[in-house]
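Visitor: From just these sequences and the hints, can you work out the full model?
Residue numbers (the numbering used here), protein chains in the order written: chain Y, 1 to 487; chain C, 1001 to 1486; chain X, 2001 to 2096.
In case anyone wonders, no lab produced these hints; they're calculated from the structure.
Cross-link-like lysine to any residue pairs, in silico, SDA-like; alpha carbons within 25 Å at most:
no., chain 1, residue 1, chain 2, residue 2
1, C, Lys1237, C, Thr1176
2, C, Lys1464, C, Glu1387
3, Y, Lys246, Y, His235
4, Y, Lys238, C, Met1074
5, C, Lys1054, C, Glu1011
6, Y, Lys305, X, Gln2044
7, Y, Lys305, X, Val2045
8, C, Lys1293, X, Asp2065
9, C, Lys1080, X, Pro2058
10, C, Lys1388, C, Met1463
11, Y, Lys246, Y, Asn466
12, Y, Lys336, C, Tyr1084
13, C, Lys1080, Y, Asp374
14, Y, Lys284, Y, Glu479
15, Y, Lys238, X, Gln2069
16, C, Lys1076, X, Asp2065
17, Y, Lys305, X, Thr2040
18, Y, Lys115, Y, Pro248
19, C, Lys1080, X, Gln2014
20, Y, Lys96, X, Thr2021
21, Y, Lys336, X, Asn2080
22, Y, Lys141, X, Asn2080
23, X, Lys2093, C, Asp1086
24, C, Lys1405, C, Ala1420
25, Y, Lys416, X, Ala2022
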Amino acid sequence: MADELYYQSITSLSERLGKKEVSSVELTRAVIARTQAVESQVCAFNSFDEKDALAQATASDARRSSGGALGPLDGIPVGLKDVIAVENQPLTASSKMLADFVSPYDATVTQNLKKAGAVLWGRLNLDEFAMGSSTENSATKKTTNPWDRTCVPGGSSGGSAAAVAAGEAIASLGSDTGGSIRQPAAFCGVVGMKPTYGLVSRYGLIAFASSLDQIGPFAHTVEDAAIMLQSIAGHDPKDSTSYRAKIPDYRAELSQRKGPWKLGIPQEYFGEGLDPEVNAAVEKAIEYYREQGCEIKEVSLPHTKYCLDAYYVIATAEASSNLSRYDGVRYGHRSKDAKGIVDLYFKSRGEGFGEEVKRRIMLGTYVLSSGYYDAYYLRAQKVRTLIRQDFLKAYEEVDALITPTSPTPAFKLGAKADPLALYLCDIYTIGANLAGLPGISLPCGFASSGLPIGLQLIGQPFEEANLLSIAHAYEQAHEWRNSHPQI
Amino acid sequence: MSQYEAVIGLEVHVQIRTQSKMFTRVGTGYGHPENTLTDPVVLALPGTLPVLNKAALDAIIKTGLMLGCDIAPMCKWDRKNYFYPDSPKNYQITQFDQPICIGGRVEIELPGSARNVMGEHKTIPLTRIHLEEDVGKLNHGSHESLVDYNRAGTPLMEIVSDPALESADEAYAYLTAIRAAIVQGDISDCDMEKGQLRCDANISIRPIGTTELGTKVELKNLNSISYVRDGIAHEIKRQLSLMASGGTIVQETRDYDGTTGASQSLRSKEMAHDYRYFPDPDLMPVEVDEAWKKRIEATCPEMPFDRQRRFFETYDLPYTITSVLVWDRPLAEYFEETVKLAGVARAQLVGNWIVNDLLREVGAAKIALADSKIRPAHIAELVELIEKGTLLNNAAREVFSEMFKSGEMPAAMVKSKGLAAEPTDTAELEQWCRDSIAGNEKAKAEFQVGKDSAINAFKGPVMKASRGKANPKLVDETLRRLLADS
Amino acid sequence: MANHNDIDIDRVAQLARVELTAEEKEKFSRQLGDVLHHITQLEQVDVSGVEPSAHAYPMVNVWADDVAQKGLSAEDALRNAPARRDNMIAVPKVVD
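Guide: So, in C-alpha cells, the structure goes:
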C-alpha cells in the first residue's frame, strides 16, 4: 500500500508529474477513488466535489503541457479544513449554524494555493467552530482515527489529519488555536505544523480565538510541510495581525541546515499524566538528537501550569465575541420558531450552536462581563506575557524545545465526556499558541495499541526554517513516515 | 423653577468623508441602491478581518487639532459587544479607554440682543473625540424591518462634550460651531438629512450653585440642529415640572419627535448594557508622532471665530457682514481676494456688495459661488468706479446684474452702455448748490452752528435740479466749501 | 475574585443571546463552575508590573490607503440571506 499513489509525498509526486510519469488527473482520480473506498469508515469530509477537482486537475495538466507548471504543488490534491473559505464552496465550520452557507470569497491561503496550482479537494471535518480536541463536537459527523476506528483522530482538525493519514488527500490545511493541528497530527501519525503567529494570513479563516489562531499544513513528510508552508506564508494586507516577515526558501533550507542544535527539554512537560509509552518514544527521539551531537538541556517554563487557565480565559473571551456574528440575520441558520427579533437571536443561536460551542460562549461572555474583566481577562493576558517570557528566556540557551505532542495517544470515541478532561489534552500544545511560537508534530513511534505517537518541536519566533530542519533530520533517520494505517 | 439650572452634554457623531470604509476598502456613499456598498468584511461574513483606513486617521487628527485636543501618542481599538440587526458583527469596533483625541474645546457664539449685534462668546470644553464605525440602516415596515448595510462601516467620529452646556440655545450654537469647523476643515459635509451628523443629548438639572450632577436623561432622534434645540428645551421643561410636582427624574432614554414636539420613553432596555469592552485582537494600536501631527497641522484652516476677530481688526467690518462671512469659508476667501485687489480702505464696500448682492444673485440662480461669473476682480473694479464717482449707485446695481449674467468687466460695460455719470459741469453744479443753500436759511444756520447733518437738507434740491445725475461726493464737497465760505 | 459557584447563567445567556434549555442551564452552571474553579489558579501568579499581552508580537500603525475597491453585488451580498425583500435583509420588526 505504501506504493499507492495516494500515499506518495508531494516531493515524489511533483517529480513524477514533472517527468510526465503520471498526470494530475490520474493522481486526482486515485485520490478520489481512495476517498470513495474508505470515506464511509473514516468520515473525514463534510463534502467534496469530484467534478470540480477533476476540472482543476485537467487545468493543471494543461498548464504543464504548455510548459507553464507552477511549482511543486501544481496538480497535487490538497484538502481544506471546513473553516477556510473557498469561493463558491460550502463553509460550514461543521456547525448547524452554517450548514447551508456558501462562501462568496476566497481566503488568502486559498488564493495562495490556487496560485500554486494545487487541486483543492473537499471540505474537511472538524470540531464545531474549531472548539474541541477530538472532532467529536462536529455537528455533521464523527471522524474516526484511520489507525483504529474506535478511536478519535484528535481535534479540532481531525478531518484534515485523518484524510492525509488515510490517503484521501496528499496534504491538507488545518487550523491551530490550542493544538488543533499538532495533536491530531500526533494521533493520526502524520506531520502537522503551526506557524509563528502572524506568519500565515488569517483572512478567510473562521475566527475562533483571534490572537491564537493560525492556519498550517498536514503532510506525510516534513519536506512536504515545508512546501505547503512556502505557498501560504507571507504578509497579507487584509490581515492586520499578519507580520512582514522575510520568507526564506524553507525547502532549500532543509538541505542547508544540518545541525547540531541545542535542544531544550521543559521539565514541566514530562510529569504527571504523561503516558509511559509516549514518554519512552519521546525519550528515544531525544536520545537520537543527543547521539547526533546535539546539546540537550533541561529547561524550565515555570508558568506552564497556568497555560491552560490563561488559554481558556483568553480563547473563550475572544471566541464569544467572534461568534456573535452568527445570528441568523444576514446568513446562517435562522430559527423557524422565532416570534420577533429578540427571539430570533436567542433561538437561532440556541439551535444553531452545539453544546461545546455554547459552553465556551458562556464562559467567554462571563469572563468579559462587567465586574469580572480585570479578575479574569486582564489577569490572563498578564500571565500570558509571563508565559511568553518563559519561552524567550529558554531560547536564550536553546534553538528549540522538544516535548511530547499529547500526554496520551488517541483515546476512544466517547471516552472523555467531561469537558475539563478534554481540555487537559492540550497541555503541551497550548503554550506555543499563547506565546505565538511555531510548533510541529511528527511521528516518533507507536504505542503497543498500534496507535501513533507524536513528537513535538517548538521553535523560536519566525524560525520555521530551523524548526523544519531539526524535524527533518529526525524524520529522515527513521521510517515512521512509511507506515500507513490498515484501511 | 429658577432655583434649578440645566446641565447638558452632547455626543455628536460625524461621518468622515472618505473614499472607502473605516475597516475595509469598499466604497462609501449615500443614496446608493440598497446593499451595493458592501463586501465580506462589511457583512461580517465568516473569516473576515478589519484593516484601518489611513485617511480616517488623518481626518480625526485634523479635527482634534482644530478643536484644541491633545492627540494621544498611543491609542487602541476596542470591541463594544451588543446585538442589533444593523450591526453586522454584533460588536462595534470603537475606542474605549484610549481614544485618539483627548480634551479639546469649542468656541460658541450665542445670539445677540439684535440681529446686528454680536452675542456673547463662550468656550465649551470637550471630553474626547474617538474613531469608530457606523452601522447599517433599518427600514421599519408594519411587520418586518429591512436592513440596508450600505452605511455600515463608514468612518465615524464621536465628539463628546463635557456636561458644560447650560441651555438649548447653547446647544444650538455648539452644533453650529462644530459643523462650521468640520465643514471648513473639509472633513465632512455634516448634512444631517443624510445622517452625516447626528446628535444625542444628555440632560439633567440641579439646584443652582451645586456641582453634583443630577439624574441624566438621554435624548435621541434629534434630526436637525433646530430639533436639538427644541428637544433640549422641551426636556428641560419636562424635568423642571417633574421636580416641581414632587416627581423623580428617571434615568432613561427618550425619543424626541420634532414634528409633534413631544418625547417618549424608549421601551427600556431592561438591564443596563454590559458592553464587555476588550481590546480588539484583530487590530494594532496607532502611534501618532510629532512629525505626523505637524503634517496635519499644516492643513488646518483658520477657525471661524478667529477669522471673525481678524476681520473685525483688519477690515473694520461691522458684525452684520462678518456674521455671514464666518460661516462660509469660500465666501470669506472670496472676500479677502477681492479686498486684496480693491484695497483695505474699501473693505466695507466690498463686504456689502458680496454679502448682499452677490449672495442674493448666487442664491437665486442656485449655483455655487465658484461658478459665479462675477469674480473678485469684477467687484474690485466696480467698487473703484463707484468711489471715483464714475458710477452712481442705481447704475451700479444695473451693472452688477449684468455682470452676473455675462461676466463682463464693469469698466468696459459702463463704457459700452454709456452708464457713466455725466462729467460734472462744475459751474452748473456750483450754481445748483448756491441756489439750494439760498433756499434754506434754517438749515444753513443749523449747519453753521455745528449740526453737520443739516447739510443733507441741501442735497435733495441739488439732486432734483441735476435729475439725479449729480455726483454725490462732489455735491457734498461743493456744499461744504460754499457753506464754509459764506 | 468572584464566587464562581454563583454564575448567573441566565444573565450570561441573556448577554450572549443564546437560548438554553433548563438542562443546559443546569449542566453549564456546574461545568463552568468547575472550569472557573480551576482558573482561580491564576490568582496565584504575581502579575505586578506585568503588561498584558494584547498581541504576541506588537506592531503599530498597520493600515491601508483610502482607495475604494469593488465590493459585492447586492445579489452576492444577499446570497446566503435567510430572508430578503427589495434587496434588503428582512427581519421581524425591530421595536426599540
